[in-house]
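From the two separate chains plus the hints, produce the assembled complex.
Protein chains in written order, with our numbering: chain Z, 84 to 489; chain R, 4 to 265.
Hints were generated in silico from the structure; no laboratory data involved. Check the hints yourself; a few may be wrong.
[To be verified] If you anchor each label on the Cβ, the simulated ranges turn out as follows:
hint	chain 1	residue 1	chain 2	residue 2	range
1	Z	Arg-163	R	Asn-119	35 to 41 Å
2	R	Thr-86	Z	Arg-163	52 to 58 Å
3	R	Gly-85	Z	Arg-163	52 to 58 Å
4	R	Ser-132	Z	Arg-163	31 to 37 Å
5	R	Lys-207	Z	Asp-348	51 to 57 Å
6	R	Glu-172	Z	Tyr-126	58 to 64 Å
7	R	Asn-201	Z	Ile-358	56 to 62 Å
8	Z	Arg-163	R	Ser-95	30 to 36 Å
9	Z	Thr-191	R	Lys-207	39 to 45 Å
10	Z	Gly-225	R	Gln-72	27 to 33 Å
11	R	Pro-96	Z	Arg-163	25 to 31 Å
No residue lacks a Cβ here, since even glycine has one placed at the ideal position from N, Cα and C.
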Amino acid sequence: MLLLKLAFRNIFRQRRRSLLTALSMAGGYILCSFSFSLSEGSYSNAISFFTLDHTGHVQIHMEDYLQRPKIHKTIDDPERISEILDARENIASHTLRVFAPAIAYSDTDNTPTQLIGVDLERERTTSTLEQKVSSGTYISSGLDSDGYYSAMIGAGIANSLNIGMGDELILISQGADGSVANDIYIVGGIVGNRNSLDKSTVFLPLQAAQEFLSMTGRVHEVSILLEDENDSRAEAISLQAELPELSVDPWQEVELTVYRSMQADKQGNVISLGIIIFIVFVGVLNTVLMSVLERTREFGVLKAIGSRPTKIALMISLETGLLASMSMFAGLLVSFPLIGWFTLYGFELAEPMDVGGIVMSHITGELSLYVLGTPLLLIILFALLISIPTGIRAARISPTQAMRSN
Amino acid sequence: MTSAKTFLRNRLSLHLTTSRLICTLLFSSLFSNLAFGAERAIEIIDEMEALYQGASSSATMTMIVETPQYERTMEMEASSIGTEKSFIRILSPRKDRGIATLKLDMEMWNFLPKINRVIKVPPSMMMGSWMGSDFTNDDLVKQTTLTEEYSLTLEETDEHFTIILVPKEETVTVWGKIDYIVNKEYMVPVAQNFYDDNGEIIRKLEFSELKDFSGRMVPSRLEMIPMNKEGHKTIVIYDKLEFDPPDVDESVFTLRNLRSRF
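Isolated chain R (complex conformation) (with noise of 0.2 Å):
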């Protein structure tokens, strides 16, 4: 997209140059803002991508994960830069304190304490459940970056954007289409609502609760709610979140520091 950028504004110079002002002015407006339209789409995109993570973070956060048969409750703390790096370690229940999940780049590993192992997830795992809740392993990872692999579009209320991401045709995804809904007062997400090829919507986000952060107004609660599945929800509310604490610094993010006991 930048690269059509460039082109247009090369192309406003040279016909600066040739002096065909009045024919130039109007094509160029034309061109530019309908490049405009996608390009402010990346950037809310882009924005909201980054509203949890900053140049780098720490979270405190409470997982809850409800099915028909039962009900779990983890508590754990994630440190993360940009978003590349991400690091998560469970701190309780009793039984699954320890576990901890490390993501570099495109690639992702889970300790297990208990048998003193680190195992590397599979890419053919990244849609699978991470630690039984809904969420998959790729939406930790974030393996598909959304403004690379999708196209967008934006479309406009007086309360919210939204934002139609479908997949460009090389991208290998599940998905046939997500909706992103952006709040324009507070720009931060509101839902994500995911259909499959055929249209029919599969999963949905929601963002809610509405938290002061360290002086970001960052929704506190998340709720992924898979529609084929009846009475499965995941719950996760931000406890505490902090933006470039001292203690986040490269060597947080290593496998050594994955295999530390804790």
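Same shape as in the complex, but just chain Z (with noise of 0.2 Å):
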């Protein structure tokens, strides 16, 4: 107790001191956990974007259709993975879709196509298609007057087969029985822009879809969307559990190569952050070491007046830790409403962003325990860890020659 007492006189003591070895640390951990903040935010911002955009965040499909996509690889019986899936509470919504490779004509050109049939209704609370919509609008699942049904055409599509709004697109390709797939569709909506994933895509309501493959009633793939995001590996187990005879896969599983590279990238910026660690450490280091050597003196005082040198370091360690965590602090106060900022709103790019069809504008940041507590653990740890040998020193100290320095 005594010891705390005399911890606590010396860093207001010498109040000139503490306040610029507090300062040192508080700015090093604000620059630490906004440096966090920053890359855990860019990476769930760009997780959430494509799970939204397609993958979903746990996909079913039919025994290898992930890795070799055939047309006859099918779940047949979507309604019962339908009812399993909206029976669980952590799952906000599911979509079905097919998928065929296909070749679409204008009167006058023709060019290949990826052919998506989706189920028009879940897909809109599943995925980003309707706000991906960019002229027209998101069409309905029906025929209309004249017994067509209507499609929705990437917009790289709309552009090389010069067609638009109301045109006719002619679709051909094989069906699910081998026989030849063709039928005529009305345009009713243009999606994204010429640069977007979905330039050369053409969507189809689902039964249109499943009529036009001649597999109706079946699906290639059910997408899922999580409450939680975070749960996407354990809740694909679980559904793999229910559903034996298929082959459920998490997005990272889905999206293999952008979940490597992204791990990858992560991987690069524990470098770029452990050199910001880095900068604040050698801050940290120094102000904590001047802070001792400036008072040899005083601890050969210390001595000669009969204090154990194990109750010197303790000491020292115990002023070192209890500045840290007041630093920290006063860290706290400024950067959990500064990165809360960030989480909001973020910074407005210069030029906004266009992934995909979706307009990005702002870059964010995330508030989590993970963000604000691992650079104040670290730096208050650090702390300690470099009051350890400089109060050994201390400690060691002979009085006589303490004493007769300055």
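Now the structure itself:
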């Protein structure tokens, strides 16, 4: 108790020195937590962007459809799966899709496309497809008065076929039974722009696509959106147990290459974060070391009047720890609202980025225990760590020599 | 090959006039024997290839496509003049009714009635599947004329002729070798085996169930079996085959007719 009192007294006796040390630590902390927030924020942005764009958090396929897509690898009872998924609490929504390559024709031109049949109602709540419609409307699933289904086409197809709203789109492909799939659709909407990921995709109502491909009632993919993105692996495992005949994969498996490059990028980021932490540590090391070396004479006197070396070492560690904790508290007072603002509003980009039809106008951060807590613990631990050798050094000092020095 | 024959004949007459008779006879018989083998092979192949066509023909057939995933049956009618012109139209199932294929010489078009469009089959698609079957577009078009683009060797057993076709150097083909087996008694094809460049068998076409079609004995059942795709098979059954029918004339083999709704 006496030691604690002494430590407090020492901190406040030299206000200017303590303030400088505290400032260096608090400043370092704010810098660290801010860089953590930026790096985490940009990843969660990217993840939520493409999971919402098309992958969802968990996907269900037949066998190895994911690795080797074949039109006949279908899920034959999507209604049953929908029932199971609707009953689960942590699933926000899900959607059903079919895929096939096709050739699109207008009167004069043709172009290869990727055909995706989507459950329009479910897709609305599962992906950002509706927000990506850049002209026209989000189509409805029924037949029009002339008996044609509507289609939404990527901007690239509209451009290369030279067609627009209300025009005829002819699709030719191979059906699941080997027959020639061919039909006419009316363009009801255009998706994204010419740089979007969907630029050469044709979206059809699920039923229209199933009829086109002679695979009524069957689908290739079930895409699931969870309440919490972080549950994707656990949810995939638990769903897999319930649906042993199908393969259930979290987005990390579905988008393996994206996930891997993201992990690699994150590791690269660890290095730059490491450098920032290192710079902060050097600052802390410097101030802590100076505050001890400055007081050689004081420690000499303490020893001369009979202080035990361990007590001196302990006192120095206590001093440093107290100072570090106080500066972290001050740093937290600044960085919490700062990162909070950064997460909610972010920085406005000079030029809005268009990623696959979704406009990203801000860079935002992330506010979490990890972002605030990790640098805090790191700095306190490091301050304590460097206080140990300096404390030992002070404790070992010989009183006569110490008192002779200034 | 015909030029070789004339050449031999010329040589023969030349020798006769120079009255070196014995020597000449010896030589010429030796050459003509060799020439006769290849020539007979050409004759046989030509006969086989013309078997289903005649001068002109019309046929009704059933095609059954079997794969591990599905089985599909199509009924179709086909007409042809010689080997250059043919026209096929699908009668059933209802979904595919009216889909038609026209072949003129080396070119091929498909008509899809639902979208009312004629689509030319590009050369790159010639080895592609016809209507999802194991027959290629090239099998229908016969763009490669066997007797012109392959070197032929004839082998004979008591029951069968086996003609081995090896592509000539300048021939563009995916096959390294084709065995053409012919039944001697009825002079009908029994099987065709297609090999790749490594001598591995890629697919088999088997002919069976001889049937009398207007006086000709013709195998009525064809089975195409790709050896590299397990569980896949396409069966063609001739239900009706008429030779020189009155309703088949040049007007059938036009793009205009192809486009006509049916």
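Against the structure, the hints:
1. Restraint check, Arg-163/Z to Asn-119/R: a C-beta distance of roughly 39 Å satisfies the suggested window 35 to 41 Å.
2. As the Cβ distance of Thr-86/R to Arg-163/Z is approximately 54 Å, the hint placing it in 52 to 58 Å holds.
3. Take Gly-85/R and Arg-163/Z: their Cβ atoms lie about 57 Å apart, and the range 52 to 58 Å holds.
4. Taking 31 to 37 Å as the suggested C-beta distance range, the pair Ser-132/R and Arg-163/Z conforms, at roughly 34 Å.
5. In this structure the hint that Lys-207/R and Asp-348/Z lie 51 to 57 Å apart at CB holds, the actual value being about 53 Å.
6. Remark: the range hint 58 to 64 Å for Glu-172/R to Tyr-126/Z is upheld by a beta-carbon distance near 60 Å.
7. Restraint check, Asn-201/R to Ile-358/Z: a C-beta distance of roughly 58 Å satisfies the suggested window 56 to 62 Å.
8. Distance hint check: the CB atoms of Arg-163/Z and Ser-95/R are about 33 Å apart, consistent with the given range 30 to 36 Å.
9. Separated by about 43 Å at the C-beta atoms, Thr-191/Z and Lys-207/R satisfy the suggested range of 39 to 45 Å.
10. The supplied range of 27 to 33 Å is met by Gly-225/Z and Gln-72/R, whose beta-carbon atoms lie about 30 Å from each other.
11. Distance hint for Pro-96/R and Arg-163/Z: a CB-CB separation of about 29 Å, consistent with the stated range 25 to 31 Å.
Comparing the model with each earlier hint shows no violations; every hint is respected.
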